[in-house]
Amino acid sequence: MMLVCDNGEGQDILHGAIQPQGSNSTTTLYFRFRVDPISDSASKSIADFEAGFMFFYNGEEHMAIGSTRVAWAYCAWPVSKTEKGFQDLNSARPDPPYRWEYIRANEPLYIAVKVQYVPSHEAHITAWLSPDLAQGATEVNQPTNIVTQFDANATFDQIHLIHRGGVGGGWRFSQMIAGTSFEDLLFRHFWQEWWFFAICGTVMLAVVAGMVRLFERRRALVQIQRLEKERAVAAERTRIAQDIHDEVGVSLTKISKLSDLKEFNGNVSEADAAARRTIAATARDTIRAMDEIVWAINPENDTLKEMADYLVYFTKDLLRSTTISCKLEVPLSLPDIPVATEVRHSVLMAVKEALNNAVKHSASNEIQLGLEVGGNWISIVVADNGKGFNLDQASEVGNGLENIHKRMSGIGGRVEFTTEPGQGTSVKFHVPIGTVKSIL
Amino acid sequence: MKNIADKNRSSTPSIKVVVVEDQSWLRENLVQEISRDSHLSCVNAYRTAEAALRGIPKDQPDVVLMDINLPGIDGVECVKRLKNLLPEVRCLMLTVYEESEKIFNSLVAGASGYLLKRTSTEELLDAIRQVHGSGSPMSSSIARKVVAYFNEMGKEKSETNKLSPREQEVLELLANGSSYKEIADQLSLTLETIRMNIKHIYGKLHVHSRGEAAAKYMRESSFRVSKKI
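For the protein sequence lines, the chains are A and B, in the order given.
Each number in the numbering used here comes from the position in the first sequence (counting from 1) with 1 added on.
Each number in the numbering used here comes from the position in the second sequence (counting from 1) with 1257 added on.
Some hints could be false.
Said to hold, decoys possible - Label-pair restraints from in silico Cβ distances:
1. Glu-1345(B) / Leu-392(A): 52 to 62 Å
2. Trp-378(A) / Leu-1446(B): 35 to 45 Å
3. Arg-227(A) / Glu-1409(B): 31 to 41 Å
4. Gln-1443(B) / Ala-290(A): 32 to 42 Å
5. His-1457(B) / Ser-322(A): 24 to 34 Å
6. Gly-376(A) / Gln-1280(B): 40 to 50 Å
7. His-431(A) / Glu-1449(B): 38 to 48 Å
8. Gly-1460(B) / His-431(A): 38 to 48 Å
Said to hold, decoys possible - Now the stretches of chain A that chain B is said to cover, found in silico as 3 or more residues with beta-carbon under 8 Å:
9. 113-121
10. 124-133
11. 276-290
12. 340-349
Since the hints were derived computationally from the structure, they do not count as laboratory data.
Where is the CB? At the ideal position from N, CA and C, for every residue including glycine.
Isolated chain A, as found in the complex:
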């Protein structure tokens, strides 16, 4: 587990990350740092400790890995068991006639240190000069000539990375690591670094976000296309309605008016006049039927309000030529709910069938049209106060009833008949409007 990394400053680098290690410590710690000598060598002349990685305990220097007086090479200091107070770190490249490798500017290297604390005894120190720190490397497979082992007082409550100058320029320290295993000191592949994870995370987030956006856009596009299509269909319906209105409706009106003209009454036989009246009446009926079609296909009417208004108009118009009075139980204000064309048309046809049945067969003097809105349903009632009929023997109206059933099931609705001989007839339509799609 990595405990601390170089903070780049020459003071205590631990900041409490590692427990102070006293004389009773039993832990093993690993350290690594990179040194970058500022000048070729520490001074040849006698001087104090120049630069290094130094353990402090109670403000006293104990052990350091670095360079010191006369030691023209990397060494450990102070080590009580050596004469000169320092321990040579087996320089990898001897530079005769001196025993130790010079410290060279522009030749940075890594130093790794293992400290095994032994209670009531000096710690066992292992130092590696320029070890193999590639992934997969271990502390035991390092070349022996770079390994130095010795015992030293390695207690610390602070660790400093210091350079004190002297004739040499000191060191630049970097990439300091403290850990609990040799593996902690190894160079990590870039994909093991936190920033790589951060970048990966960011990239993945961006990719996901991008995909979500793409998906949303695709969906919006599909939605737009669907709406465009619906709009096109609606426009086409409007055009057809308009065409029927302008062309066929006007022609039929013409037929009805011209055949109705009184002017010719004197010149034609009674039979011809009757035929003419029939033509006029037929033309009017045809216009009325077309009126329904035009109303049904015009998308302008795809609302509950328009449907209610039309049912009222239609009912009144149908009863106008009869002696049957009309009672409406249709709310004057209705919620603004879209009702699809097919639903409107089926409702109109079903209501028409029920009204026609009532007018033809019920012998009633009052017909009631009711409309109620509740939840996802509307219910429409056509009720008469006529003679009623036995549902099981309803041969006369059987066809009509079947038609009504068909109309309702086609739009997911249902119909209820309530009738008994002498009790009038009530036809109640339940029409779902929750699932109805709205047309723009």
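We have chain A already, so just place chain B on it with the hints.
This is chain B only, laid out in the frame that chain A set:
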């Protein structure tokens, strides 16, 4: 056409009628039918709203039959302008279909009723006599729209143009499907009184039409209509 009008002018008719219709066969047909009635005379006929607006002030008719769909200025707008020129003239709209939105807009603009073009001759002549005389017919489906309209307008209009409780009552009964006769029976009033009430409702509808709120309502409605085309 002119000779028909001339012919009728001599027979001291009681109701002067003008026809505004762009389709010539229907225009001529209407002129003929009106001219045949001893109580009516067709004083003029126009093909466009523009011509009608120029000519009608000189004709001084009692009743104008106005096609709702005219080229150029349409029937609704024509009625609105005409009522400014001749406040007393009664306008009956002509339409092929029950286009309730347009019909209602023309009522707000000042028309006193409407007729489907397929209406038989008798009914047509009846309607002209009725609109000139005792009052304007109002269907249940139109009454429903009128109720909704006054409810809407009531929020922003002064007291003077509001419906009286009796008028409100009559209107709602009408909207609920009752005939004039049934309303009269139910409220213990004469048929004549009911007709007067309806006439007043139309009147208030027209007064409203000059107001700002109505103008707004009309603009919105006509926007809905224009969307259609």
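Each hint tested on the structure:
| no. | hint | in the structure |
| --- | --- | --- |
| 1 | Glu-1345(B) / Leu-392(A): 52 to 62 Å | holds, 58 Å |
| 2 | Trp-378(A) / Leu-1446(B): 35 to 45 Å | holds, 39 Å |
| 3 | Arg-227(A) / Glu-1409(B): 31 to 41 Å | holds, 34 Å |
| 4 | Gln-1443(B) / Ala-290(A): 32 to 42 Å | holds, 34 Å |
| 5 | His-1457(B) / Ser-322(A): 24 to 34 Å | holds, 29 Å |
| 6 | Gly-376(A) / Gln-1280(B): 40 to 50 Å | holds, 48 Å |
| 7 | His-431(A) / Glu-1449(B): 38 to 48 Å | holds, 44 Å |
| 8 | Gly-1460(B) / His-431(A): 38 to 48 Å | holds, 42 Å |
| 9 | 113-121 | violated (count 0) |
| 10 | 124-133 | violated (count 0) |
| 11 | 276-290 | holds (count 5) |
| 12 | 340-349 | violated (count 0) |
Violated hints, in rising order: 9, 10 and 12; the structure is consistent with all others.
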